[in-house]
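One letter stands for each residue in the lines below.
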Amino acid sequence: DTGVSQNPRHKITKRGQNVTFRCDPISEHNRLYWYRQTLGQGPEFLTYFQNEAQLEKSRLLSDRFSAERPKGSFSTLEIQRTEQGDSAMYLCASSLAGQGPEALNSPLHFGNGTRLTVT
Amino acid sequence: GDSVTQMEGPVTLSEEAFLTINCTYTATGYPSLFWYVQYPGEGLQLLLKATKADDKGSNKGFEATYRKETTSFHLEKGSVQVSDSAVYFCALTYYGQNFVFGPGTRLSVLP
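So the sequences go chain by chain: V and S.
First residue of the first sequence: 430, per the numbering used here; consecutive thereafter.
First residue of the second sequence: 24, per the numbering used here; consecutive thereafter.
Hints in this document: simulated from the structure, not taken from any laboratory.
Sample of chain S residues with no beta-carbon within 12 Å of chain V, all distances over it, derived:
1) Leu36
2) Thr49
3) Lys83
4) Glu86
5) Thr88
6) Ser95
7) Glu99
8) Ser131
9) Leu133
Derived Cβ-Cβ restraints for the label pairs, each shown as a range:
10) V:Arg488 <-> S:Val105: 34 to 42 Å
11) S:Ser37 <-> V:Gln446: 46 to 54 Å
12) S:Tyr118 <-> V:Glu481: 18 to 26 Å
Glycine residues also receive a C-beta, built at the ideal position from the N, C-alpha and C atoms.
Could you build all of it, start to finish, from the sequences and the hints given here?
Given below as structure tokens:
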């Protein structure tokens, strides 16, 4: 179990530029989540995948945000035309959701996040 | 929608003091409840969980009991250590879908 890996750790970009983040989940996990966290706040849900299917998207996820999980393994989160309000920590998490009651409530395993600063 | 409320921090305690961090939730059904901890410079880690009413989750000396009648999941520890200094997040989910997190409570333990 190598844990959830996120790259890059830090990204500084100018307003209007596009950025892409990558997340590699724990290998046997079928669910992958993206969250955003700002200073002093808890993580805010953005979207999640079960295998390659994107099952839910938050209203926070404007049309400038897009996430993919091709082949049900790693995932990318792209932000187009970044704005200063996009500055935050972007967190990825994964879990194993099986069929039994315990598996349905499997906890999230988080990566260390990608810190985005938009100048 | 569903939400989680936590006591405001920061909470500052002396080593070996008793800890309580309050968490209450608003939910339409019966979610599973979690406490996550974030140590300085690290990612969020699961601390404990409870999946149904009256369940008690426990780990590393921390405990929390799922109270349906008061919609609460308060975190307690009998004797805190300096190494417990971290931010603690209460969270809920239905079947591992959208996890809803509280705002976090920062705990500082002084030697």
